[in-house]
Amino acid sequence: MATAVKKLDLEVGELVEVGGRRYEVVPSREGGVTLEPPITPVSELYAERGWKPASEEDFERLTADDLPPDGEG
Amino acid sequence: MSQSGEKKLPPASVEFGSREWVEEVERFEPGAVARTRAESARRAIEAGRRKLRWQRCDPESDSGAHLPGCRKLYLPLDAEGASAAPYGFVFQLVKTSDNTLIWNFIAFGERHPDNPNTRTVYERAHKRLHGRYP
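The listed protein sequences derive, respectively, from chains L and F.
Here the working numbering is used: position 3 in the first sequence is 103, and no number is missing along the way.
Here the working numbering is used: position 54 in the second sequence is 51, and no number is missing along the way.
Treat the hints as calculated values from the structure; they're not laboratory data.
On a predicted model such as this, the values are computed, not experimentally measured, just so you know.
Ideal Cβ placement from N, Cα and C applies to all residues, glycine included.
Please note that the accuracy of each hint is not assured.
[What the hints assert, rightly or not] Label pairs and their calculated CB-CB ranges:
hint : chain 1 : residue 1 : chain 2 : residue 2 : range
1    : L       : Asp170    : F       : Asp75     : 17 to 23 Å
2    : F       : Pro113    : L       : Pro137    : 33 to 39 Å
3    : F       : Pro65     : L       : Gly119    : 35 to 41 Å
4    : F       : Ala29     : L       : Gly119    : 16 to 22 Å
5    : F       : Asp59     : L       : Glu156    : 19 to 25 Å
6    : L       : Thr103    : F       : Leu49     : 49 to 55 Å
7    : F       : Glu43     : L       : Lys107    : 42 to 48 Å
8    : F       : Asp75     : L       : Ala102    : 51 to 57 Å
9    : L       : Glu160    : F       : Arg50     : 16 to 22 Å
10   : F       : Pro65     : L       : Pro137    : 23 to 29 Å
11   : F       : Leu49     : L       : Thr134    : 32 to 38 Å
[Said to hold, decoys possible] Some residues of chain L that are not near chain F, with every Cβ distance over 10 Å (derived):
hint : residue
12   : Ala102
13   : Ala104
14   : Lys106
15   : Lys107
16   : Asp109
17   : Leu110
18   : Glu111
19   : Glu114
20   : Glu117
21   : Gly119
22   : Gly120
23   : Val126
24   : Val142
25   : Leu145
26   : Ser155
27   : Leu162
[To be verified] Computed footprint of chain L on chain F; a stretch qualifies when at least three of its residues, placed anywhere within it, have a C-beta under 8 Å from a C-beta of chain L:
hint : region
28   : 26 to 39
29   : 65 to 78
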């Protein structure tokens, strides 16, 4: 018996729910699109919590003793 | 305030938000190595029983990740050298509504995944900060 293929016309950034789990449409490395569990952006999370990114000055003061960046990210 | 007083601030606490934790760590099945590493590291960080090797993220890196205001930890926390630590946590410095500075957990994942389709922890952090992958 042939399996019916359900075609979805989706764009990057859209959310879909499959089997009760949410996925986000994101670009694939091959140039297409793929589905991944969503990553909620900090802009949304911080707006809900009343937070904001700290200043660069505060960051510099609090990381004075950190190891320096190692070039990988 | 003196110059020395301006140089440093008191340490900021580390916050693991529930939504970030679910999306970053609980995407792995219970008992999975990656999840176990993250859970163990979180317990150690929250217990304050280990000196942490904090490292600044690159504001711009070769991977294209742009992570200003962020620092990272390699996991396992007790790994001898970066090559023995395949995973990473990334945190962003945040000011809360009562003007408290905290390090908010924003990403967990592999630093150098074998699977080319797996996003690195830095790509995940970039996506959380900017809403898209680098």
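Quick rundown of the hints versus the structure:
1. Asp170/L with Asp75/F: 17 to 23 Å: Between Asp170/L and Asp75/F, where Cβ atoms are some 19 Å apart, the hint holds.
2. Pro113/F with Pro137/L: 33 to 39 Å: 18 Å, violated
3. Pro65/F with Gly119/L: 35 to 41 Å: 37 Å, holds
4. Ala29/F with Gly119/L: 16 to 22 Å: Because 19 Å falls inside the window, the suggested range holds.
5. Asp59/F with Glu156/L: 19 to 25 Å: Holds - the Cβ-Cβ distance for Asp59/F and Glu156/L, about 22 Å, lies within 19 to 25 Å.
6. Thr103/L with Leu49/F: 49 to 55 Å: 51 Å, holds
7. Glu43/F with Lys107/L: 42 to 48 Å: 47 Å, holds
8. Asp75/F with Ala102/L: 51 to 57 Å: Between Asp75/F and Ala102/L, where Cβ atoms are some 54 Å apart, the hint holds.
9. Glu160/L with Arg50/F: 16 to 22 Å: 19 Å, holds
10. Pro65/F with Pro137/L: 23 to 29 Å: Given a distance of about 25 Å, which is inside 23 to 29 Å, the answer is holds.
11. Leu49/F with Thr134/L: 32 to 38 Å: For Thr134/L against Leu49/F, whose Cβ atoms are near 35 Å apart, the range 32 to 38 Å holds.
12. Ala102: For Ala102/L, whose nearest Cβ neighbour in chain F is about 28 Å away, the distance exceeds 10 Å, so it holds.
13. Ala104: 27 Å, holds
14. Lys106: 23 Å, holds
15. Lys107: It holds; Lys107/L is separated from chain F by about 22 Å at its closest Cβ, greater than 10 Å.
16. Asp109: 20 Å, holds
17. Leu110: About 16 Å separates Leu110/L from the closest Cβ of chain F, which puts it past 10 Å; holds.
18. Glu111: About 13 Å separates Glu111/L from the closest Cβ of chain F, which puts it past 10 Å; holds.
19. Glu114: 13 Å, holds
20. Glu117: Holds, since 15 Å exceeds 10 Å.
21. Gly119: 15 Å, holds
22. Gly120: 14 Å, holds
23. Val126: 7 Å, violated
24. Val142: Its Cβ does come within 10 Å of chain F, the nearest being 6 Å, so this is violated.
25. Leu145: It is violated; Leu145/L is separated from chain F by about 6 Å at its closest Cβ, not greater than 10 Å.
26. Ser155: 8 Å, violated
27. Leu162: 5 Å, violated
28. 26 to 39: It is violated: at least three residues are needed, and the region 26 to 39 of chain F offers just 0 whose Cβ sits closer than 8 Å to chain L.
29. 65 to 78: This one holds; 4 residues, not fewer than the three required, reach chain L with a Cβ under 8 Å.
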